[in-house]
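A.B. asks: The primary structure of each chain is shown beneath.
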Amino acid sequence: GQQLNQSPQSMFIQEGEDVSMNCTSSSIFNTWLWYKQDPGEGPVLLIALYKAGELTSNGRLTAQFGITRKDSFLNISASIPSDVGIYFCAGRVIQGAQKLVFGQGTRLTINP
Amino acid sequence: DGGITQSPKYLFRKEGQNVTLSCEQNLNHDAMYWYRQDPGQGLRLIYYSQIVNDFQKGDIAEGYSVSREKKESFPLTVTSAQKNPTAFYLCASRVDVLWYGYTFGSGTRLTVV
Numbered sequence: 073g074q075q076l077n078q079s080p081q082s083m084f085i086q087e088g089e090d091v092s093m094n095c096t097s098s099s100i101f102n103t104w105l106w107y108k109q110d111p112g113e114g115p116v117l118l119i120a121l122y123k124a125g126e127l128t129s130n131g132r133l134t135a136q137f138g139i140t141r142k143d144s145f146l147n148i149s150a151s152i153p154s155d156v157g158i159y160f161c162a163g164r165v166i167q168g169a170q171k172l173v174f175g176q177g178t179r180l181t182i183n184p
Numbered sequence: 029d030g031g032i033t034q035s036p037k038y039l040f041r042k043e044g045q046n047v048t049l050s051c052e053q054n055l056n057h058d059a060m061y062w063y064r065q066d067p068g069q070g071l072r073l074i075y076y077s078q079i080v081n082d083f084q085k086g087d088i089a090e091g092y093s094v095s096r097e098k099k100e101s102f103p104l105t106v107t108s109a110q111k112n113p114t115a116f117y118l119c120a121s122r123v124d125v126l127w128y129g130y131t132f133g134s135g136t137r138l139t140v141v
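Chains as they are written, first to last, in my numbering: chain B, 73 to 184; chain U, 29 to 141.
Incorrect hints may appear among the rest.
[Said to hold, decoys possible] With beta-carbon atoms standing in for the labels, derived distance ranges:
#1 B:D110 with U:D58: 42 to 48 Å
#2 U:Q69 with B:P184: 42 to 48 Å
#3 U:T105 with B:P184: 39 to 45 Å
#4 B:I152 with U:A109: 42 to 48 Å
#5 U:Y38 with B:A124: 25 to 31 Å
#6 U:G44 with B:N147: 44 to 50 Å
It is worth saying that the hints were derived from the structure and are not from the lab. Ideal placement from N, C-alpha and C gives every residue a C-beta, glycine not left out.
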């Protein structure tokens, strides 16, 4: 099936630093979603993107739907300890499949 | 409060046994999904159901079975044919065909002992 390449796989940063992660695919997507997963819990939706070029913010989080429809990025500004977790991108292919494809996740660790 | 409830949180299985993971939602969502999560990997789709009494195989359906007799419930059975069942299992639901912001349960960690 389709695959999403998410990078980096892990990040170790200092509190207060900005974070950037991205997802790319060889397929065209018509929906991009970003989720955060805390240890031992299910992912929680952070941001949803529906149009190429769309830039959406949710507090300190900003995500963009790439112009080519094959990529998306997520930025976190001024990181705080509660940002620790695994971040997943997910996309829905344009052919109308009734399911999402998930990236491998980016594990974020913050040193206080 | 509306949400998705997965039970149990932790499950231990002996080799050769079938086990059933429960997933119940009171969100009135039409579609439900089962994903498997292994360390360092993304979520892999096992089965999904868009309406009652209908379901489709995902990318890794071998060794698993499901049923969708009620809109609220989508149980997953891990059979003895699944050779490496130890993993974190996540259930999700979606309200309709236009919205892809899945709501996830809190997961069940299955360990084979």
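A.B. asks: Give a verdict on every hint.
C.D. replies: How the hints compare with the structure:
{"no.": "1", "hint": "B:D110 with U:D58: 42 to 48 Å", "result": "violated, 27 Å"}
{"no.": "2", "hint": "U:Q69 with B:P184: 42 to 48 Å", "result": "violated, 29 Å"}
{"no.": "3", "hint": "U:T105 with B:P184: 39 to 45 Å", "result": "holds, 44 Å"}
{"no.": "4", "hint": "B:I152 with U:A109: 42 to 48 Å", "result": "holds, 45 Å"}
{"no.": "5", "hint": "U:Y38 with B:A124: 25 to 31 Å", "result": "violated, 43 Å"}
{"no.": "6", "hint": "U:G44 with B:N147: 44 to 50 Å", "result": "holds, 48 Å"}
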